[in-house]
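One-letter residues, chain by chain:
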Amino acid sequence: MKRTSYKLEDRTLIVGLGSELDHHNVSIINKELSKYLQMYIIKNIIFDFNDVTFMDSSGIGLVMGGYKQAVLYGGSVMLSNISERVDRIFAFSGVYRFVSKVEI
Amino acid sequence: MKNQMSLEFDSRSENEAFARVVVAAFATQLNPTLEEIDDIKTVVSEAVTNAIVHGYEQKEEYKVFLQCEITEQTIQITIMDYGVGIEDVEKAKTPMYTTKPYMNRSGMGFTFMEALMDELEVYSKKDEGTTVKMKKRIEAK
Numbered sequence: 000m001k002r003t004s005y006k007l008e009d010r011t012l013i014v015g016l017g018s019e020l021d022h023h024n025v026s027i028i029n030k031e032l033s034k035y036l037q038m039y040i041i042k043n044i045i046f047d048f049n050d051v052t053f054m055d056s057s058g059i060g061l062v063m064g065g066y067k068q069a070v071l072y073g074g075s076v077m078l079s080n081i082s083e084r085v086d087r088i089f090a091f092s093g094v095y096r097f098v099s100k101v102e103i
Numbered sequence: 000m001k002n003q004m005s006l007e008f009d010s011r012s013e014n015e016a017f018a019r020v021v022v023a024a025f026a027t028q029l030n031p032t033l034e035e036i037d038d039i040k041t042v043v044s045e046a047v048t049n050a051i052v053h054g055y056e057q058k059e060e061y062k063v064f065l066q067c068e069i070t071e072q073t074i075q076i077t078i079m080d081y082g083v084g085i086e087d088v089e090k091a092k093t094p095m096y097t098t099k100p101y102m103n104r105s106g107m108g109f110t111f112m113e114a115l116m117d118e119l120e121v122y123s124k125k126d127e128g129t130t131v132k133m134k135k136r137i138e139a140k
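For the record, the sequence lines run as chains B and P.
Sequential numbering from 0 applies to the first sequence in numbering that gives the first Met the number 0.
Sequential numbering from 0 applies to the second sequence in numbering that gives the first Met the number 0.
Please keep in mind that the hints were generated in silico from the structure rather than gathered at the bench.
Incorrect hints may appear among the rest.
Said to hold, decoys possible - Output of the computed footprint for chain B on chain P, the stretches with three or more beta carbons under 8 Å from beta carbons of chain B: (1) 12 to 18; (2) 35 to 47; (3) 99 to 105; (4) 108 to 119.
As the list claims (entries may be wrong) - Some chain B residues near chain P, calculated using beta-carbon distances under 7 Å: (5) S18; (6) H22; (7) S92.
The C-beta atom is built at its ideal place from N, Cα and C for all residues, glycine as well.
The task is simple: from the sequences and hints, build the whole structure.
In structure tokens:
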């Protein structure tokens with residue numbers, strides 16, 4: 000199973016999400032993410048879904064949690080490499096009112 | 000055809016993945032599409048997460064109970080906990096409603112279960128626990 004990776008480019012944090020986005024893994028990512036947000040000056044967050052093979056509603060919580068953080072710094076959250084299924088879940092739950100898709 | 004299985008496991012978040020994989024494996028005898036398997040994995044994940052996060056409030060020493068039954072082309076999945084229970088089930092089912100917003104929970108769990116399954120029933124009593132029963136028909140191919 001693929002782990003989540005983090006890469007800082009300028010003031011944008013690129014989060015390469017691991018394969019399974021459930022409550023268990025999202026709890027771990029949230030902890031790691033808040034550590035990065037404390038340690039570095041980060042404005043934008045890109046969640047890269049390239050390796051994601053499973054996502055439940057915990058993924059919505061993760062993205063919206065990131066959005067709440069980013070707006071505090073006048074930044075934004077973007078999503079990349081979204082599969083058709085994940086796209087349907089995000090569209091269905093209204094996430095695209097707050098975040099947009101980006102190609103990386 | 001009729002086939003039944005049941006399972007109990009500790010209320011640890013590691014078991015969310017275990018539970019959904021087990022149910023997906025059990026459901027393969029209905030010859031579901033990949034999308035139907037994803038639907039089943041998602042709803043099991045939602046219900047088991049609710050039992051662990053809300054029912055047992057993340058205490059890891061309790062048990063979650065899972066039962067699956069296949070009757071002809073329909074799979075029924077039951078997930079039960081003896082946790083704190085839900086005071087107002089209808090309110091809990093409201094999209095985006097969550098009692099744990101500080102945990103970044105989206106409040107979409109029951110909404111997903113309703114959207115992805117054909118039937119959803121929730122029985123709950125305060126301080127006694129919660130039972131979630133879901134059904135999905137898998138068309139024969």
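We went through each hint and held it up to the structure:
no.	hint	result
1	12 to 18	holds (count 4)
2	35 to 47	holds (count 5)
3	99 to 105	holds (count 4)
4	108 to 119	holds (count 4)
5	S18	violated (10 Å)
6	H22	holds (4 Å)
7	S92	holds (5 Å)
Taken one by one, the earlier hints fail for this structure only at number 5.
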